[in-house]
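Residue numbers (our numbering), protein chains in the order written: chain A, 15 to 641; chain B, 29 to 155.
Hints listed in this document are in silico derivations from the structure and should not be mistaken for laboratory results.
Each hint should be verified, as a subset may be incorrect.
Quick list of in silico lysine to any residue cross-link-like pairs, SDA-like style, CA-CA up to 20 Å [as the list claims (entries may be wrong)]:
hint: 1; chain 1: A; residue 1: K201; chain 2: A; residue 2: S167
hint: 2; chain 1: A; residue 1: K19; chain 2: B; residue 2: K119
hint: 3; chain 1: A; residue 1: K53; chain 2: B; residue 2: S77
hint: 4; chain 1: A; residue 1: K100; chain 2: B; residue 2: I34
hint: 5; chain 1: A; residue 1: K100; chain 2: B; residue 2: M40
hint: 6; chain 1: A; residue 1: K105; chain 2: B; residue 2: T65
hint: 7; chain 1: A; residue 1: K18; chain 2: B; residue 2: E82
hint: 8; chain 1: A; residue 1: K267; chain 2: A; residue 2: A296
hint: 9; chain 1: A; residue 1: K53; chain 2: B; residue 2: K129
Some but not every residue of chain A turned toward chain B, in silico, with C-beta under 8 Å [unchecked claim]:
hint: 10; residue: K18
hint: 11; residue: R20
hint: 12; residue: P77
hint: 13; residue: D78
hint: 14; residue: G101
hint: 15; residue: I140
hint: 16; residue: G163
hint: 17; residue: Y272
hint: 18; residue: L280
hint: 19; residue: G437
Just so it is clear, the structure is predicted and the values come from calculations on it, not from any experiment.
For glycine and all other residues, C-beta sits at the position ideal for the given N, C-alpha and C.
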Amino acid sequence: MAEKKRIELMVCTGTGCFAGGAFQIIDELNKYLESFGLKDEVSVVATGCNGFCGQGPLMVVIPDNIFYGWLEKKDIHHLVEEHFLKGRPVKKLMFKPPEEKEPLPLLSDIPFFKKQLLVVLRNKGIIDPEKIEDYIARDGYLAIEKIIGSMSSDEVIKEILKSGLRGRGGAGFLTGRKWEIASLQTKTPKYFIANCDEGDPGAYMDRSVLESDPHSVIEGMCIAGYAIGSNEGFAYVRTEYPLAIKRMRTAIKQAEEYGLLGKNILGSNFDFNIEIREGSGAFVCGEETSLIHSIEGDIPEPRQRPPFPAQAGLWGCPTVINNVETLANVPVIITRGAEWFSSIGTETSKGTKIFSLVGKINNTGLIEVPMGITLREVVYEIGGGIPKGKKFKAVQTGGPSGGCIPVSMLDSPIDYESLQKAGSMMGSGGMIVMDEDTCVVDVSKFFIQFTNEESCGKCTSCRDGSEALLEVLTRISDGKGFEGDIDFLTELGECIKDASMCGLGQTLPNPVLSTLRYFKDEYEAHIKGKRCPALVCRNLIQYYIDPNKCVGCLLCIKSCPTEAITGESKFIHIINQENCHKCGQCLEVCPPKISAIIKVTGSDMENLVQLSEIISCKEWKKNHEYS
Amino acid sequence: MPKLTIDELHKMRETARKEIYLREGNFRGKVIVHMGTCGIAAGAREIMSSFLDEIEKKKLTDIMFTTTGCAGLCSEEPIVTIEMEGSAPVKYCKLTSEKAKKIFNEHIIEGNVVKEFVLGIGSERVG
Numbered sequence: 015m016a017e018k019k020r021i022e023l024m025v026c027t028g029t030g031c032f033a034g035g036a037f038q039i040i041d042e043l044n045k046y047l048e049s050f051g052l053k054d055e056v057s058v059v060a061t062g063c064n065g066f067c068g069q070g071p072l073m074v075v076i077p078d079n080i081f082y083g084w085l086e087k088k089d090i091h092h093l094v095e096e097h098f099l100k101g102r103p104v105k106k107l108m109f110k111p112p113e114e115k116e117p118l119p120l121l122s123d124i125p126f127f128k129k130q131l132l133v134v135l136r137n138k139g140i141i142d143p144e145k146i147e148d149y150i151a152r153d154g155y156l157a158i159e160k161i162i163g164s165m166s167s168d169e170v171i172k173e174i175l176k177s178g179l180r181g182r183g184g185a186g187f188l189t190g191r192k193w194e195i196a197s198l199q200t201k202t203p204k205y206f207i208a209n210c211d212e213g214d215p216g217a218y219m220d221r222s223v224l225e226s227d228p229h230s231v232i233e234g235m236c237i238a239g240y241a242i243g244s245n246e247g248f249a250y251v252r253t254e255y256p257l258a259i260k261r262m263r264t265a266i267k268q269a270e271e272y273g274l275l276g277k278n279i280l281g282s283n284f285d286f287n288i289e290i291r292e293g294s295g296a297f298v299c300g301e302e303t304s305l306i307h308s309i310e311g312d313i314p315e316p317r318q319r320p321p322f323p324a325q326a327g328l329w330g331c332p333t334v335i336n337n338v339e340t341l342a343n344v345p346v347i348i349t350r351g352a353e354w355f356s357s358i359g360t361e362t363s364k365g366t367k368i369f370s371l372v373g374k375i376n377n378t379g380l381i382e383v384p385m386g387i388t389l390r391e392v393v394y395e396i397g398g399g400i401p402k403g404k405k406f407k408a409v410q411t412g413g414p415s416g417g418c419i420p421v422s423m424l425d426s427p428i429d430y431e432s433l434q435k436a437g438s439m440m441g442s443g444g445m446i447v448m449d450e451d452t453c454v455v456d457v458s459k460f461f462i463q464f465t466n467e468e469s470c471g472k473c474t475s476c477r478d479g480s481e482a483l484l485e486v487l488t489r490i491s492d493g494k495g496f497e498g499d500i501d502f503l504t505e506l507g508e509c510i511k512d513a514s515m516c517g518l519g520q521t522l523p524n525p526v527l528s529t530l531r532y533f534k535d536e537y538e539a540h541i542k543g544k545r546c547p548a549l550v551c552r553n554l555i556q557y558y559i560d561p562n563k564c565v566g567c568l569l570c571i572k573s574c575p576t577e578a579i580t581g582e583s584k585f586i587h588i589i590n591q592e593n594c595h596k597c598g599q600c601l602e603v604c605p606p607k608i609s610a611i612i613k614v615t616g617s618d619m620e621n622l623v624q625l626s627e628i629i630s631c632k633e634w635k636k637n638h639e640y641s
Numbered sequence: 029m030p031k032l033t034i035d036e037l038h039k040m041r042e043t044a045r046k047e048i049y050l051r052e053g054n055f056r057g058k059v060i061v062h063m064g065t066c067g068i069a070a071g072a073r074e075i076m077s078s079f080l081d082e083i084e085k086k087k088l089t090d091i092m093f094t095t096t097g098c099a100g101l102c103s104e105e106p107i108v109t110i111e112m113e114g115s116a117p118v119k120y121c122k123l124t125s126e127k128a129k130k131i132f133n134e135h136i137i138e139g140n141v142v143k144e145f146v147l148g149i150g151s152e153r154v155g
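Required output: the full structure, derived from the provided sequences and hints.
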């Protein structure tokens, strides 16, 4: 008997879940739905990113709203039979908060999702990104309909200005103001560019929007074109995002076929075309003027402003560049109104922001929260706190050029001004949580390595300045720091900020300056004490086998790649520090019940017993009463 | 695919909305058919079809249909729980397709509990 469709399985197929096997799981689901005769009742929908990436591959069962995570191919037979045939949801595949006994079946009960407010991600997990009809069903292209029918370009600009929308790429410039400046220019043609370059390592908010809801970006671009008087749009997407590019291309084609893009949109006399241009992997191309040079075929280097791109940009013509997330806000501001949008957020920062919450945190993924929520709520309520009971140390916001915010500032609200005051920035929305095992010197070094490599080289301050910062940080990390280093880093950092032409140089010293501000003692420990308190910097730590705990199991000896550990079965193992390369393998393999291997730093080693001769574990225990 | 006019876009939107109504989650009531081995053996799948047919016939998009495992009182299967917004859940037992249709029209459409088929009203206390 043919049954009506009663269940939809929303399977996430964002890049993360794709890599985790989402499509194999979809195949397996279809296979068993077929074999159990459920194909007409239960359908599988491949959606975009759900956001709870740490739990992928995942799916949500509609209409019940049951969340299943960490799915594997081998789970599917049982899942289909138990839940969809027999009606019994499968507990062991549900989300269970750490330390809790019972799972939380409903997505709406899971803390990771509860405090989120979906504006940009309004279609998250609900639509198939390759079906324009799904987007249209969710009020898609309603905004275009509205403006073409009844709003002038000035009215559109006024509405966006009234909403208070600020650029989500990092600079936070008022979007409406940028559009206004461009609309007042008389030179034609005018161009519109969507900045889909997203260079911050670890940031994937824009990728998620492009993969999961490409039409929201297309509609936003179209509205922007209408507002400023442009008929030519470019989407500059980094080549490293093949799925995003594929979905954008499909979406553009579909929109063109329906007359929602191209000539005479919806029968009006407004034309708008979108061309995709792929980036070539340069971080600096996220910066407006470098991006423009890249499209023009020139070396991607910034140039002085004024003139700003809105006055003279691509090929000398008025050009507006907006970030993906900024654009995805535009259609919903037009349909629901600027007043509604500006009721969300703080006085100066309206609306929501997407963050990629990663690092030492229990719940990893993408979250969208209203501006003004505190860092504490994000880290502890949404993020579920720090794993393994470790202590929170800092959260770095804003990508590689962002600053680290310590525990004392956790109650700061998240908005453009507060984050800047705390020594960091909103940036693109990266949020990297660090715990007590993170070394701030090592982290600063890591980020300066990145920005130094990506510097286009035009400005001495950025090019050579970042080189000098890196050299000093490396010395400090290697235990070769000396008096004066901290003052030098501070002075040089401030100088680089002042003297660099573009945002890359102007923000690259932030990790160093903010960690010096809040964790100066940790730098001093490296420089004066030759210690790394977090036990990270290789030249300042040593691995040690505690003879009171070692049972002579040979596991660490077998794992050591440099044969630096000596010992025999049931004899205490000893690490030869000269041959040890601090890889940490021995610590990894030592059984948790034994935990005989520790890391020590500085002069701590001097307080520990050093074995001078071979001794059996039994002998040692006999001679040393260990309680 | 022809280029759309504004009216055609409207029509497409309405049709597309109906296709994805399950995902919107705007439900004023829930029909829960108890399955599990006892339920299925007693004929729960026919009951399920009856309810789904009625939902389809009346083109309702605000009633959620779902299944769950055994309700506990296996001798009374097939059992259905109807949960309407603002009211306690009502369990109906020993159902047939006819009874299911009657319950659908009288309870879900008109809002009157069909007393003669009721097993119990309310929920068990969860320990």
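*Given the hinted pair K18(A) and E82(B), is their alpha-carbon gap at most 20 Å?*
holds, 11 Å
*Against chain B, with CB atoms and a cut of 8 Å, does the hint on L280(A) hold up?*
holds, 5 Å
*Minimum Cβ distance from G163(A) to chain B below 8 Å?*
holds, 7 Å
*Keeping to a limit of 20 Å between CA atoms, is the pair of K100(A) and I34(B) held or broken?*
The given pair, whose Cα atoms are some 45 Å apart, is violated under the 20 Å limit.
_Hint validity - G437(A) Cβ closer than 8 Å to any chain B Cβ_ = Hint on G437(A): violated, closest Cβ of chain B at ~42 Å, above 8 Å.
*Is the shortest C-beta separation between D78(A) and chain B less than 8 Å?*
Given a least distance of 5 Å, the restraint on D78(A) holds.
*Classify the hint on I140(A) as holds or violated, based on whether any CB of chain B lies nearer than 8 Å to its CB.*
holds, 5 Å
*Quickly compare the C-alpha distance for K267(A) and A296(A) to 20 Å and report which way the hint goes.*
violated, 28 Å
*20 Å Cα cutoff - pair K100(A), M40(B)*: violated, 36 Å
_Minimum beta-carbon distance criterion (8 Å), P77(A) to chain B_ = holds, 5 Å
*Tell me if Y272(A) is really an interface residue toward chain B, meaning its C-beta lies closer than 8 Å to one of theirs.*
Y272(A) check passes; min Cβ-Cβ to chain B is 5 Å, inside 8 Å.
*Agreement of K53(A) and S77(B) with the hint, judged by alpha carbon distance not exceeding 20 Å*: holds, 14 Å
In this structure, the hints that do not hold are numbers 2, 4, 5, 8, 9, 19, in rising order.
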